[in-house]
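Participant: So the sequence lines, in the order shown, correspond to chains A and B.
Mapping to the numbering used here: the first sequence position 24 is 24, numbers consecutive.
Mapping to the numbering used here: the second sequence position 208 is 208, numbers consecutive.
Derived by calculation from the structure, the hints in this document are not laboratory data.
Yeah, the Cβ is synthetic: ideal placement off N, Cα and C, and Gly gets one too.
Accuracy of the hints is not assured; some may be wrong.
As the list claims (entries may be wrong) - Here are the simulated lysine to any residue pairs, SDA-like style, with alpha carbons at most 25 Å apart:
hint, chain 1, residue 1, chain 2, residue 2
1, B, Lys97, A, Pro88
2, B, Lys3, B, Lys97
3, B, Lys431, A, Pro91
4, B, Lys538, B, Asp391
5, B, Lys428, A, Leu86
6, A, Lys2, B, Thr474
7, B, Lys97, A, Asp95
8, B, Lys380, B, Asp391
9, B, Lys217, B, Arg234
10, B, Lys77, A, Ile54
11, B, Lys165, B, Ser416
12, B, Lys77, B, Ser110
13, B, Lys97, A, Met1
14, B, Lys37, A, Glu37
15, B, Lys431, A, Pro82
16, A, Lys87, B, Asp21
17, B, Lys97, A, Val80
18, B, Lys97, A, Pro82
19, A, Lys2, B, Gly473
20, B, Lys472, A, Gly45
21, B, Lys380, B, Ile139
22, B, Lys428, B, Ile494
23, B, Lys97, B, Pro38
24, B, Lys37, A, Pro91
25, B, Lys428, A, Glu37
26, B, Lys97, A, Gly45
27, A, Lys10, B, Pro38
28, B, Lys165, B, Ala486
29, B, Lys37, A, Ser23
To be verified - Okay, the calculated beta carbon distance ranges per label pair:
hint, chain 1, residue 1, chain 2, residue 2, range
30, B, Ser20, A, Asp62, 55 to 63 Å
31, A, Ala41, B, Asp488, 41 to 49 Å
32, B, Ser110, A, Asp62, 45 to 53 Å
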Amino acid sequence: MKLLTGNDLKTGFVTWWTGADWSLHIEDAADVGDHGEAILAAEEGARRVNAPYIIAGERTADGPRPAHIKDRIRALGPTVRPDLTLKPADPAAGDWVI
Amino acid sequence: MYKYDEYDHAMVEARVAEFSDQVRRRLAGEITEDQFKPLRLMNGLYLQLHAYMLRVAVPYGTLDSRQMRMLAHIARKYDRDYGHFTTRQNIQYNWIKLEDAPAILADLASVEMHAIQTSGNCIRNISSDQWAGAAADEITDPRPWAELLRQWSSFHPEFSYLPRKFKIAVIAATEDRAAMRLHDIGIQIVEKDGQHGAAFYVGGGMGRTPMIAPLIKDFVPLADMLSYAEACLRVYNRYGRRDNMYKARIKILIHELGADEYRRQVEEEFAHVKALGIDPPKAEFDRIAAQFAPPALDAAAPDAIDRSDPDFAVWVDQNVAKHRVPGHAIVNISLKPVGGIPGDASSAQIDLMADLAEQYSHDELRVTHAQNIVLPHVRKADLYALWQALDGAGLATPNLDLISDIIACPGLDYCSLANARSIPVAQKIAKRFADPARQRDLGELKLKISGCINACGHHHAGHIGILGVDRKGTENYQLSLGGSGAEDVSLGTITGPGFDEDGVVDAIERVTETYLAARTDGERFVDTYRRIGMAPFKEAIYG
Numbered sequence: 001m002k003l004l005t006g007n008d009l010k011t012g013f014v015t016w017w018t019g020a021d022w023s024l025h026i027e028d029a030a031d032v033g034d035h036g037e038a039i040l041a042a043e044e045g046a047r048r049v050n051a052p053y054i055i056a057g058e059r060t061a062d063g064p065r066p067a068h069i070k071d072r073i074r075a076l077g078p079t080v081r082p083d084l085t086l087k088p089a090d091p092a093a094g095d096w097v098i
Numbered sequence: 001m002y003k004y005d006e007y008d009h010a011m012v013e014a015r016v017a018e019f020s021d022q023v024r025r026r027l028a029g030e031i032t033e034d035q036f037k038p039l040r041l042m043n044g045l046y047l048q049l050h051a052y053m054l055r056v057a058v059p060y061g062t063l064d065s066r067q068m069r070m071l072a073h074i075a076r077k078y079d080r081d082y083g084h085f086t087t088r089q090n091i092q093y094n095w096i097k098l099e100d101a102p103a104i105l106a107d108l109a110s111v112e113m114h115a116i117q118t119s120g121n122c123i124r125n126i127s128s129d130q131w132a133g134a135a136a137d138e139i140t141d142p143r144p145w146a147e148l149l150r151q152w153s154s155f156h157p158e159f160s161y162l163p164r165k166f167k168i169a170v171i172a173a174t175e176d177r178a179a180m181r182l183h184d185i186g187i188q189i190v191e192k193d194g195q196h197g198a199a200f201y202v203g204g205g206m207g208r209t210p211m212i213a214p215l216i217k218d219f220v221p222l223a224d225m226l227s228y229a230e231a232c233l234r235v236y237n238r239y240g241r242r243d244n245m246y247k248a249r250i251k252i253l254i255h256e257l258g259a260d261e262y263r264r265q266v267e268e269e270f271a272h273v274k275a276l277g278i279d280p281p282k283a284e285f286d287r288i289a290a291q292f293a294p295p296a297l298d299a300a301a302p303d304a305i306d307r308s309d310p311d312f313a314v315w316v317d318q319n320v321a322k323h324r325v326p327g328h329a330i331v332n333i334s335l336k337p338v339g340g341i342p343g344d345a346s347s348a349q350i351d352l353m354a355d356l357a358e359q360y361s362h363d364e365l366r367v368t369h370a371q372n373i374v375l376p377h378v379r380k381a382d383l384y385a386l387w388q389a390l391d392g393a394g395l396a397t398p399n400l401d402l403i404s405d406i407i408a409c410p411g412l413d414y415c416s417l418a419n420a421r422s423i424p425v426a427q428k429i430a431k432r433f434a435d436p437a438r439q440r441d442l443g444e445l446k447l448k449i450s451g452c453i454n455a456c457g458h459h460h461a462g463h464i465g466i467l468g469v470d471r472k473g474t475e476n477y478q479l480s481l482g483g484s485g486a487e488d489v490s491l492g493t494i495t496g497p498g499f500d501e502d503g504v505v506d507a508i509e510r511v512t513e514t515y516l517a518a519r520t521d522g523e524r525f526v527d528t529y530r531r532i533g534m535a536p537f538k539e540a541i542y543g
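So here's chain A without its partners, still in its complex pose:
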């Protein structure tokens, strides 16, 4: 699957294209298939996202998972500060990254 990601203009936070909007949570990410470039251009032009790009991912039981570790770290947060990730209460969340 292909995922569209970027950063929120105001906050810089990592965001994922859900098919209709942007979400901080990769669980909400949609497969953009072959439409990624068109969505990217439209959303960047409308200033709804900053520095967007398309990545490869896979479908898993837990939801979409980026193919590259860099994007998995982007999706969760720094592996060395679990308290600052999107899942601070889940001690095993880092396993998903590695």
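Using the hints provided, position chain B relative to the given structure of chain A.
Facilitator: Just chain B, lined up with the frame of chain A:
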């Protein structure tokens, strides 16, 4: 401490107003990201993995307590309650919101700080010896010269769009504590026939093509220092390669021209530049230098230290250095607790260090390129009380220059350029060697980790260096041995094939065992490596 004059205030305040308007225009959609990016970078604002990152300049690593408290305030109010001290003696915040950036810069300006020229192809923050003004082995305080260079390089119209970024370090001691020869220009204040002058080393650097700067001029009269620096930059600005960013640093130009030809061109340019009169009149330099006058220290203060507390005694032996004034000491605060993140400090810790500097160190602090903090002027009689306060806040780890005093870049946990994580490797190594007695037995061992070839973690200069690479989507770590950023400067040599995260920790343990088996009396790790060469280490690692 240098205090801003009306020009400094006007420049910084004008920049805050200018950037505030640029941010407003970006948020309003009046300019695109492509247009905005170079503007935000000129103000130290990057877009990193998780958010915007702001890098704040700490000129030559010197701060007063008021400024340090402002750094804590910014971490607390605008970030996530911590900051990261960097290998360029700066501080970075990892979770900045674009809409907050103007307010942060205004807060910084209120304490004579900014984020100007902490990014971009310009002259970056001037770095220096963290013990400047206190070190027993320096011939003069290098910071007035660093400040002069800061003023000269700030908004320099000719050098705002260099072929690539440009880093300058200034030292004035025999021991190089600033990795001076691994800078684009390294200046060492030296003495000749009773006069002070500047030795210019030009064309050093780390990154993908590490080079040690050759000596270009052994003695430039200090009255000519700015003109000579300007000549060095002009030749680079004219001929540095702009067609290939990987070959754009001055080290590549000098390597391709040869040091002799580069020197000839600099001398030719210097003859022209000197006539322009850019060197300051003596009165202006004296005005700057007067602001770095040493604090009034009582040379009759007690010189003895009560070492009856064994933990305190260990800390004194490891983290306290000789001051040039009897009865005083230089205190090095380690930001490398075992299992911690190298260079990180919480708002509370930053505030505490500010308080302790005010109470015990004549209101001065320094940031080191090894990502630690220094209190430069502490009475020996105050050391025990200071240590107790530091210990209570997790700031008294007695590991300066030991294997767990690791320089590590933010790596893939934070940095968009990184290929691999640095911090978890540093944490595992520190835990493996957590036993303080074992660390002290190993002695001075500088271990440095970079998460990519850009070498922000100075791995080329590590006695043991680690470079994180991406091998088919997996983190992999190359090990190198024998580097040094000190006066015995050298570049590390790669041992061989890389390792995974646990494998590199195991390899380092075998390297240290090889050293312990081979060392002779008084030999540091790097001395033994230089004497016996790579082969025994390679044999131990790869069998």
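Participant: All the hints need checking, so say for each whether the structure fits it.
Facilitator: Verification of the hints:
1. B:Lys97 with A:Pro88: Between Lys97 (chain B) and Pro88 (chain A) the Cα gap is close to 21 Å, so the pair holds against 25 Å.
2. B:Lys3 with B:Lys97: violated (30 Å)
3. B:Lys431 with A:Pro91: holds (20 Å)
4. B:Lys538 with B:Asp391: violated (39 Å)
5. B:Lys428 with A:Leu86: Holds, at about 24 Å.
6. A:Lys2 with B:Thr474: holds (20 Å)
7. B:Lys97 with A:Asp95: violated (28 Å)
8. B:Lys380 with B:Asp391: With Cα atoms ~17 Å apart, Lys380 (chain B) and Asp391 (chain B) stay inside 25 Å; holds.
9. B:Lys217 with B:Arg234: Holds, because 16 Å separates the two Cα atoms, which is no more than 25 Å.
10. B:Lys77 with A:Ile54: Violated, because 33 Å separates the two Cα atoms, which is more than 25 Å.
11. B:Lys165 with B:Ser416: holds (18 Å)
12. B:Lys77 with B:Ser110: It holds: about 16 Å lies between the C-alpha atoms, which stays within 25 Å.
13. B:Lys97 with A:Met1: Not satisfied, since the Cα-Cα distance of roughly 31 Å exceeds 25 Å.
14. B:Lys37 with A:Glu37: Holds, at about 21 Å.
15. B:Lys431 with A:Pro82: Holds, at about 18 Å.
16. A:Lys87 with B:Asp21: Given that 25 Å is the threshold and the Cα spacing comes to 36 Å, the pair is violated.
17. B:Lys97 with A:Val80: At roughly 21 Å apart (the allowed maximum being 25 Å), Val80 (chain A) and Lys97 (chain B) satisfy the hint.
18. B:Lys97 with A:Pro82: Status holds; Cα separation ~20 Å.
19. A:Lys2 with B:Gly473: holds (17 Å)
20. B:Lys472 with A:Gly45: Judged against 25 Å, a Cα distance of about 34 Å means the pair is violated.
21. B:Lys380 with B:Ile139: holds (23 Å)
22. B:Lys428 with B:Ile494: Measuring from Cα to Cα gives roughly 21 Å; hence the hint holds.
23. B:Lys97 with B:Pro38: Roughly 17 Å separates the two Cα atoms, so the pair holds.
24. B:Lys37 with A:Pro91: violated (36 Å)
25. B:Lys428 with A:Glu37: violated (41 Å)
26. B:Lys97 with A:Gly45: holds (21 Å)
27. A:Lys10 with B:Pro38: Within the cut-off at roughly 17 Å; holds.
28. B:Lys165 with B:Ala486: holds (22 Å)
29. B:Lys37 with A:Ser23: holds (24 Å)
30. B:Ser20 with A:Asp62: 55 to 63 Å: Violated: the Cβ-Cβ distance is about 43 Å, outside 55 to 63 Å.
31. A:Ala41 with B:Asp488: 41 to 49 Å: violated (55 Å)
32. B:Ser110 with A:Asp62: 45 to 53 Å: Holds, at about 47 Å.
When each numbered hint is compared with the structure, violations occur for hints 2, 4, 7, 10, 13, 16, 20, 24, 25, 30 and 31.
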